[in-house]
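4 protein chains.
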Amino acid sequence: MRAAIAGASGYAGGELLRLLLGHPAVEIGALTAASSAGSRLGAHQPHLPSLADRVIEQTTPQALTGHDVVFLALPHGQSAAVAAELGEGTLVVDCGADFRLASAEEWTAFYGGVHAGTWPYGLPELPGLREILRGARRIAVPGCYPTAATLALFPAFAAGLAEPDVVVVAASGTSGAGRAPKANLLGSEVMGSVGAYGVGGVHRHTPEMEQNLSAVAGRPVRVSFTPTLAPMSRGILATCTAPATSGTTPAAVREAYEAAVKDEPFLHLLPEGVWPATAMTVGANTAVLQVALDQRAGRIVAVIAIDNLTKGTAGGAIQSANLALGLPEELGLPTNGVAP
Amino acid sequence: MRAAIAGASGYAGGELLRLLLGHPAVEIGALTAASSAGSRLGAHQPHLPSLADRVIEQTTPQALTGHDVVFLALPHGQSAAVAAELGEGTLVVDCGADFRLASAEEWTAFYGGVHAGTWPYGLPELPGLREILRGARRIAVPGCYPTAATLALFPAFAAGLAEPDVVVVAASGTSGAGRAPKANLLGSEVMGSVGAYGVGGVHRHTPEMEQNLSAVAGRPVRVSFTPTLAPMSRGILATCTAPATSGTTPAAVREAYEAAVKDEPFLHLLPEGVWPATAMTVGANTAVLQVALDQRAGRIVAVIAIDNLTKGTAGGAIQSANLALGLPEELGLPTNGVAP
Amino acid sequence: MRAAIAGASGYAGGELLRLLLGHPAVEIGALTAASSAGSRLGAHQPHLPSLADRVIEQTTPQALTGHDVVFLALPHGQSAAVAAELGEGTLVVDCGADFRLASAEEWTAFYGGVHAGTWPYGLPELPGLREILRGARRIAVPGCYPTAATLALFPAFAAGLAEPDVVVVAASGTSGAGRAPKANLLGSEVMGSVGAYGVGGVHRHTPEMEQNLSAVAGRPVRVSFTPTLAPMSRGILATCTAPATSGTTPAAVREAYEAAVKDEPFLHLLPEGVWPATAMTVGANTAVLQVALDQRAGRIVAVIAIDNLTKGTAGGAIQSANLALGLPEELGLPTNGVAP
Amino acid sequence: MRAAIAGASGYAGGELLRLLLGHPAVEIGALTAASSAGSRLGAHQPHLPSLADRVIEQTTPQALTGHDVVFLALPHGQSAAVAAELGEGTLVVDCGADFRLASAEEWTAFYGGVHAGTWPYGLPELPGLREILRGARRIAVPGCYPTAATLALFPAFAAGLAEPDVVVVAASGTSGAGRAPKANLLGSEVMGSVGAYGVGGVHRHTPEMEQNLSAVAGRPVRVSFTPTLAPMSRGILATCTAPATSGTTPAAVREAYEAAVKDEPFLHLLPEGVWPATAMTVGANTAVLQVALDQRAGRIVAVIAIDNLTKGTAGGAIQSANLALGLPEELGLPTNGVAP
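Residue numbers (the UniProt record's numbering), protein chains in the order written: chain A, 1 to 340; chain B, 1 to 340; chain C, 1 to 340; chain D, 1 to 340.
Rather than coming from a laboratory, the hints here were simulated on the basis of the structure. Where a beta carbon is used, it is the ideal one built from N, C-alpha and C, also for glycine. Each hint should be verified, as a subset may be incorrect.
Unchecked claim - What follows is a set of in silico ranges between Cβ atoms, one per label pair, in the way DEER data are often shown:
1) Ala104/C with Ala183/D: 48 to 56 Å
2) Ala102/C with Asp263/B: 53 to 61 Å
3) Ala84/C with Glu255/D: 44 to 52 Å
4) Gly38/A with Glu258/D: 21 to 29 Å
5) Glu258/D with Gly22/B: 53 to 61 Å
Stated by the list, open to error - Simulated coverage check for chain C against chain A, where a stretch passes if three residues somewhere in it have a Cβ under 8 Å from a Cβ of chain A:
6) 166 to 177
7) 184 to 192
8) 231 to 242
Use the sequences and the hints to build the structure in full.
Structure below.
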């Protein structure tokens with residue numbers, strides 16, 4: 001399979017390349033970008049010496065044609081036009097937000113502009129989605145925070161153990177904010193500091209979490225979501241809590257989570273009493289989970305760690321692409337991380 | 001005023017010393033500790049060259065007598081015995097947990113053993129406490145997380161805008177875990193990683209938060225509290241959310257917080273739309289606050305940053321001690337932090 | 001004394017303000033900047049809540065007149081024009097490089113353009129300079145790396161124990177690179193990474209180190225200087241080594257350093273066998289030193305830690321300004337740092 | 001091939017496991033350790049979920065027999081006894097220091113005790129060593145710092161461009177100090193701080209560097225080595241400088257380095273003007289190099305970045321083991337790293 005990457009000079013593009021370099025069924029084709037077109041890939045991804053001398057091309061339909069799969073890691077709003085030029089036979093995997101939301105109204109409220117449409121949602125662990133992704137030609141890769149929050153709470157909602165008043169507070173590494181230079185993302189600003197942003201229901205990933213959990217719960221779930229930025233390059237730790245349905249027992253919660261992860265290659269439920277840390281997942285496509293029932297406060301508390309660039313973006317993209325291309329779901333994706 | 005510090009070789013002790021060295025009304029007397037007695041202070045607090053050659057004494061009543069104020073930064077359960085030996089005329093400020101909780105039952109449930117009693121609670125910003133602290137001879141310094149969560153939410157509860165179903169998720173720097181060497185606190189483990197611990201209603205600071213907020217609300221408040229450890233030495237960022245009382249408006253929330261901080265020297269409410277980060281508070285006794293009403297989710301979301309060692313421990317201790325000693329509340333306490 | 005700060009929105013400006021806020025003989029006057037003129041200081045220095053609502057003015061001679069002392073924290077090449085407009089009676093302290101080098105040739109080789117001149121060099125610890133600084137009306141604040149390297153090695157050269165073939169390798173925190181947003185300074189890039197830059201004798205601080213050490217040695221000293229960027233916001237750790245003069249003994253080296261620091265308020269020589277770390281100096285105007293004679297390799301190895309923003313810039317500036325203004329040299333300057 | 005790992009619960013052991021899990025010709029056999037024997041591997045290496053439920057055995061000859069290759073990651077002084085019990089047919093790869101030095105005198109001076117002997121030295125890039133490693137049954141894996149310093153400077157010495165008065169200053173991540181809990185390695189101590197240690201010619205890796213470079217130079221090379229600890233988990237950045245032989249030109253230096261890396265799969269020379277950073281090598285077996293001739297100071301300055309746990313320990317061990325086992329040298333070893 002030949003794969004093209006549009007947006008090869010950014011962080012998501014770099015992670016796609018790192019993973020695809022180790023993918024036994026994929027050959028790396030065109031590498032494209034916008035402002036960095038014409039430069040060596042090594043100038044942008046110096047951790048990938050085996051591609052250092054490849055030259056980045058301009059992102060155009062011409063550059064991207066002739067591949068079996070095209071990964072788009074572009075700014076919001078650009079994917080639809082690019083995808084329209086690629087044939088129906090090409091698998092297009094969009095790492096951006098353009099095709100994630102089903103509701104045009106929500107789209108416009110949170111992103112502005114016109115809704116581009118909805119593509120199969122690349123989270124195979126959610127009930128029913130794995131089948132839809134098999135053979136798909138268009139895939140919308142979930143957002144990094146929604147990946148975390150959804151995987152943390154879907155077992156509770158699927159088992160009917162949680163009430164739909166969810167609070168999610170998540171800490172993300174700075175790579176989630178991208179590579180464009182901004183003063184607030186300077187190392188001097190972020191090292192030694194945790195800060196909040198996008199508070200009060202305004203973060204764009206909020207409706208995506210609600211969409212996912214509502215689908216699992218079979219009724220509307222509302223989410224209070226607060227993202228924070230932590231002094232690390234990679235990783236998301238999400239604390240996700242919902243009121244426990246009356247009569248819920250610790251054993252029932254544990255059983256629901258054990259059942260949910262049982263056949264999932266990339267969900268890892270820790271032994272009881274051990275809690276996730278993002279260091280458990282660096283560079284891996286694994287989501288590490290734990291859950292407790294706080295009987296005093298009457299809430300289920302699920303905590304999840306993922307690598308925002310791997311399971312949260314590039315790894316999740318390749319996992320779904322594997323399904324779409326008829327390959328084994330886990331092919332080329334590391335289960336184990338890099339630590340310490 | 002002569003001040004003694006018991007526990008001078010730990011992180012709380014070091015911060016007490018740093019602040020007291022800049023306090024115009026305090027002279028530093030005895031420095032005591034347990035296992036590090038007999039060594040130079042410089043071996044433990046190399047950032048305090050002006051005290052480098054002072055020798056640490058063993059913590060005994062004899063060593064601590066003859067001071068106007070004694071700060072205790074000891075492991076749980078040791079403060080009562082030490083305080084009993086000090087006269088009634090000496091101000092004893094306990095940075096530990098022994099005298100924070102009013103409920104003996106809660107104490108035993110969360111700390112084990114027998115409740116030592118209750119001392120005036122050193123959080124002058126809470127309604128009524130400033131007056132109690134004036135002239136007090138015993139002070140229980142609040143826990144670092146309860147300081148953050150209480151200051152973040154008391155304005156909402158005091159104004160009747162919040163329902164008592166609180167969720168607090170906080171990120172703390174590693175100094176909060178103390179200086180005893182443990183494998184999970186090694187730099188190699190904590191750098192680049194955010195991890196959860198004490199999840200599910202079991203953290204000892206939970207009943208203290210409930211005690212404080214219940215007192216303000218005038219009815220029982222329950223708190224779901226999840227602490228996380230972030231890759232920074234200092235700082236707590238707490239995201240504190242509660243359902244908004246029906247009919248609450250954004251303007252009412254803003255007003256409540258503006259009123260609450262108005263005359264407080266160490267509460268700083270940011271301009272609307274700007275969110276706290278712990279870097280705003282390093283080394284300062286200031287709590288930096290922001291609040292929003294998430295009308296979609298129906299929750300008030302307050303975010304607060306403090307330095308866990310300053311406002312969260314040593315600075316808070318000195319602030320209350322100033323009141324008890326009849327000194328200006330702000331004396332010797334920095335409002336401004338060290339950044340970047 | 002009224003002080004103005006030109007460049008108040010940058011890192012050096014922020015540190016000047018933090019220190020001057022605690023300076024008992026200084027009142028803060030005009031705060032000026034270029035592109036951030038017109039905005040609240042709180043938008044740039046959120047760690048200084050006591051100045052949050054001050055509005056930054058445009059840097060003009062008008063704004064800066066009427067002060068006893070003007071601190072310039074401007075980009076290279078702008079200080080001469082500003083200083084020319086200020087009267088001879090105003091103390092002008094330039095934190096930039098414009099007036100540091102005596103050699104116009106070196107200036108042009110390393111900075112380009114025309115040499116602006118030479119002002120009294122603000123490193124009071126160097127033999128002879130303290131006297132020159134007393135009563136000066138113009139001061140050139142040393143560069144951060146030259147401050148470190150010079151203080152580390154001048155005792156050896158002053159005592160005739162070192163040969164003039166110096167190697168300096170230093171690690172700096174990222175605040176040394178300033179606040180302008182650049183992709184290579186993003187948190188995602190610098191966290192978890194140490195990298196070299198300006199290697200091979202091209203860094204602008206090289207001739208300044210040579211100028212200082214040559215003056216002390218009384219003969220030309222050449223320096224091979226390699227700077228590196230470390231994942232921390234503040235601090236410089238410099239390893240400075242020179243061949244030992246034949247016959248040099250460990251005792252002679254120790255004596256030379258003890259003599260050099262004896263009456264210096266801001267030089268702190270550690271006990272033998274203890275080595276500096278930048279954490280010992282955060283926010284302090286102290287330089288922490290240690291030295292060893294490597295008899296196997298025949299070299300003196302001196303290691304020094306400073307805070308690049310304090311002793312390396314703003315604190316050094318105020319120390320020299322105190323001398324120039326006839327104030328006690330240590331006034332308003334913290335000896336002790338903030339740790340952990 | 002079946003591989004056993006002795007010391008599976010430490011950092012070197014964890015990295016060996018991570019790499020061997022991705023090695024197509026290796027099956028993981030016994031995992032042994034000392035104090036952590038009997039516990040789940042997941043309790044020590046939570047980033048390796050695919051081995052989480054394997055139980056660690058006690059390190060004994062019995063546990064280690066029956067493998068094609070045994071990797072020893074043990075404290076100093078224990079490897080000889082273990083190796084003696086394993087047959088001559090088993091490849092034993094010692095990640096410790098016991099068999100690195102040829103000189104018994106140097107061994108005793110730097111490590112104390114009796115020299116255990118000398119094994120083939122696992123640095124295939126050094127002239128002549130690759131051939132020796134092919135078919136070897138015993139391998140001494142180089143120290144992490146000597147790997148860096150030797151690879152940085154051997155091209156200059158091999159080409160006769162450098163004089164033997166070397167200065168090496170290196171920054172290491174904290175994983176190099178191991179996993180035993182010590183107060184000075186706590187996250188609170190190391191974050192935000194660079195500190196020196198083992199200064200003045202006393203670090204144990206000094207004679208190993210001299211041994212390697214002297215062999216290449218054909219004459220005694222002396223090294224002044226200063227290690228520092230940087231706030232990162234992984235990585236070494238070493239600045240390595242030596243006087244340039246009279247008449248050396250920049251072109252000659254560049255040519256020497258280009259020739260040295262030409263056929264080496266794990267040496268990556270950056271384009272001129274680009275300098276190494278440890279982030280380029282995280283998790284990769286690649287050494288990233290750059291060199292300059294400082295004509296002003298008359299020194300060659302080579303800078304190298306490696307991952308101390310990969311190329312500096314576990315990756316280097318597997319690279320040499322591949323040669324010894326008759327496998328392709330690069331098999332199972334990542335060339336590309338994980339960034340940001």
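Consistency of the hints with the structure:
At roughly 52 Å, the beta carbons of Ala104/C and Ala183/D sit within the given window of 48 to 56 Å. Between Ala102/C and Asp263/B the beta carbons are some 55 Å apart, a value that agrees with the proposed interval 53 to 61 Å. Distance hint check: the CB atoms of Ala84/C and Glu255/D are about 51 Å apart, consistent with the given range 44 to 52 Å. For the pair Gly38/A and Glu258/D, the supplied restraint of 21 to 29 Å holds, since their beta-carbon distance comes to about 25 Å.
Taking the beta carbon of each, Glu258/D and Gly22/B are about 57 Å apart, inside 53 to 61 Å as hinted. Only residues whose beta carbon comes within less than 8 Å of a beta carbon in chain A count, and the stretch 166 to 177 of chain C has 4; three or more means the coverage holds. Counting residues of the stretch 184 to 192 of chain C whose CB lies closer than 8 Å to any CB of chain A gives 8, so the stated coverage by that chain holds, three being the minimum. Under the rule that three or more residues need a Cβ within less than 8 Å of chain A, the assignment of the stretch 231 to 242 of chain C holds, with 3 such residues.
Taken one by one, the earlier hints all hold for this structure without exception.
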